[in-house]
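Going down the list, the sequences are from chains A and B. Numbering follows this note's numbering, in which position 33 of the first sequence is assigned residue number 33; successive positions increment by one, without gaps. Numbering follows this note's numbering, in which position 282 of the second sequence is assigned residue number 282; successive positions increment by one, without gaps.
Please note that the accuracy of each hint is not assured.
Here's a subset of chain B near chain A, in silico, CB distances under 8 Å, partners left out [to be verified]:
no.	residue
1	TYR55
2	PHE58
3	LEU118
4	MET268
5	GLY295
Note that these hints are calculated values from the structure, not bench results. Just so it is clear, CB atoms sit at the ideal spot from N, CA and C, and this is done for glycine as well.
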Amino acid sequence: MTTPELTARGSRAKMGVPSAGVSRPRPRGRVRRMVTYAILTPIALAWIYPFLWMMSASVRPNGKVFAGLGLFPTKWFFSNYTDAWVDAEMGRYFLNTVVVTFGGVAIVVFTTATMGYVLGRYAFPGRRILVAVLGALVFLPQGYTIIPIFDLIGKLHLDGTLFGIIIAESGQAHIIQLLLYAGYFRQLPKELEESATMDGAGFFTIFVRVFLPLAKPVTATVVILQFIASWNDFLLPLVLTLSQPDLRTLAVAVYSFQGENYTSYAQMNAASTISLLPVVVVFLLLQRYFVEGIAGAVKQ
Amino acid sequence: MASISAVRREPTGQEPHGSLRRRIWAARPCYLLMLPGLVLIVMFSFYPLVMSWYYAFFDWSGFEQAKHFVGWQNFRELMGDEYFWKAFGRSAWFAGVATPVELLLSLVVAIVLNDRSLRLAPLFRTLFFVPVVTTTAIVSIVMSMVFSAFNGPANEVLRAFHLTERPVGFLTDPHLVMWTAIGIFVWKWFGQPMIYWLAGLQTIPSELYEAAQVDGAGWWRRSVSITAPLLTPFAVIITLIVLVGNMQVFAFMQALTHGGPYFSTEVMELYIYRTAFGAQGQVSAQRLGYASAAGVLFGLLLIVLAVAQITAVRRLRRGPGTPAESR
Chain A
1 MTTPELTARG SRAKMGVPSA GVSRPRPRGR VRRMVTYAIL TPIALAWIYP FLWMMSASVR
61 PNGKVFAGLG LFPTKWFFSN YTDAWVDAEM GRYFLNTVVV TFGGVAIVVF TTATMGYVLG
121 RYAFPGRRIL VAVLGALVFL PQGYTIIPIF DLIGKLHLDG TLFGIIIAES GQAHIIQLLL
181 YAGYFRQLPK ELEESATMDG AGFFTIFVRV FLPLAKPVTA TVVILQFIAS WNDFLLPLVL
241 TLSQPDLRTL AVAVYSFQGE NYTSYAQMNA ASTISLLPVV VVFLLLQRYF VEGIAGAVKQ
Chain B
1 MASISAVRRE PTGQEPHGSL RRRIWAARPC YLLMLPGLVL IVMFSFYPLV MSWYYAFFDW
61 SGFEQAKHFV GWQNFRELMG DEYFWKAFGR SAWFAGVATP VELLLSLVVA IVLNDRSLRL
121 APLFRTLFFV PVVTTTAIVS IVMSMVFSAF NGPANEVLRA FHLTERPVGF LTDPHLVMWT
181 AIGIFVWKWF GQPMIYWLAG LQTIPSELYE AAQVDGAGWW RRSVSITAPL LTPFAVIITL
241 IVLVGNMQVF AFMQALTHGG PYFSTEVMEL YIYRTAFGAQ GQVSAQRLGY ASAAGVLFGL
301 LLIVLAVAQI TAVRRLRRGP GTPAESR
């Protein structure tokens, strides 16, 4: 496997660009690089140490979780995982999180793609106002909206359903995702819809058959952004499951263990590992799209 | 502007430039396509915005339907609420300390990692970015174990280097806990501005540096004369994003400390949550109207911050130093 690559520059970085430095050895540059590596390496290892510690602690017996700094346990207790998965019902919460995440991703991709397409390509009465309002919503803190949302979900009789969590999460203004779609659709040539119109395609057909397939790179970015956001969301699922422990997502469930009579640190670390691993794996596999996406959003 | 004609031409072949009503009618497929997204935004962003204000004028527990209109009473009470002001101050302090530290550290690392001769730079970027994508609440819980006063790894390190005799109460000492929280927070989110800075740095054409180098400009000179001015527009936006993000730390703080010990880390969002939904396992304190009023005041503060920042961005963009945009 190649080294995991994280670059906003995309494939250009991969080429490594062997320039003049290769033919003519520059000792000063090499020394500087070595010093940089010597400084960066310990920092980077300390950086991810908490995750390594978590994984190490998750396979120890409960009494040995806080025992020294070593990361390799002498005995491997995988039973912590089965205990967390079965007894602590992490399996159920995992499924809840999967449902909430996939539902959220589907709805957000649909709504931001359609809105981004119209906002990016068409001038219509009210467009400027809409853009201004959406821009202002970026600054709306979740702590501010949570009480009315909690109340609204109750009024809609969606409390006690995963759908309530999904829809509340999808309804937050996803401005970055919207900007990515709008920016991408805007720069596609006008001839595309002109020739499609000649072939007799209507407005919706053009969007679904011509433009949406062209936006695959953006869709990939939005899917990853939203996957991570939904998987990680905490306040909404916490508040909406206050009276419905069965509907907890992973983040809320692990958090709730703290307050209940569930004090096995080893199992807590197993549960944390179960919750963190999927999102880290998804990120590592698809990081190029993800990083290019957020970098692109900033460049706009 | 012209692309609207692709939506629908009038049967007469006339461009839809006529009356407003006609233009709206002509654009109806646009509205129809946006409808699902708009409905959701109205329901879950707009409606809450308005309703927070409405609730703020009521005495309302959330349990019973009955709400009592109390006018500005909630706001008046907040003015005299010691916990509110302390939480407010803590939020400001937290963001005020964490933001510059996060921005500066990430900028330094971004500049180091932007060096193309550094083959392993992508690997380091990945390592520094991993905490960003992980679930905040769960990372906080893991960190509460790492920084535990009872033989947590952080204390083990201190002991291994004989730096301390007694375990340090990183999260249990009221004088220390806020600093620990800021440190962990910066670690968690550091990778995000790092990527933003890298995005900014990579818009600067390398020819500029090469030309400057030929002219004999050293590293410092190039940084001051090329990097700094070209990065300024990005700096303003990045500061804004990070600052607003640093005011929204509910998941992080709630899972790390629950606002404790003795309310010493109760930031604004935790205060709102506690007043609205009660502390964990305790439901007596539910005052949704009062919490809404606190939320409204908190929201106003953020809007002031945002408006100030946007004005600054406008100013800078209008100024001469924006060749990054002309590319």
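Now for the hints, and whether the structure bears them out:
With its C-beta approaching chain A no nearer than about 6 Å, TYR55(B) sits inside the 8 Å limit, and its interface hint holds. Hint status for PHE58(B) relative to chain A: violated, with the closest Cβ pair at about 11 Å, above 8 Å. Hint status for LEU118(B) relative to chain A: holds, with the closest Cβ pair at about 6 Å, below 8 Å. Satisfaction of the interface hint for MET268(B) is found here, the shortest Cβ-Cβ separation to chain A being roughly 7 Å, below the 8 Å cut-off.
Hint status for GLY295(B) relative to chain A: holds, with the closest Cβ pair at about 5 Å, below 8 Å.
Violated hint for the displayed structure: number 2, the only one.
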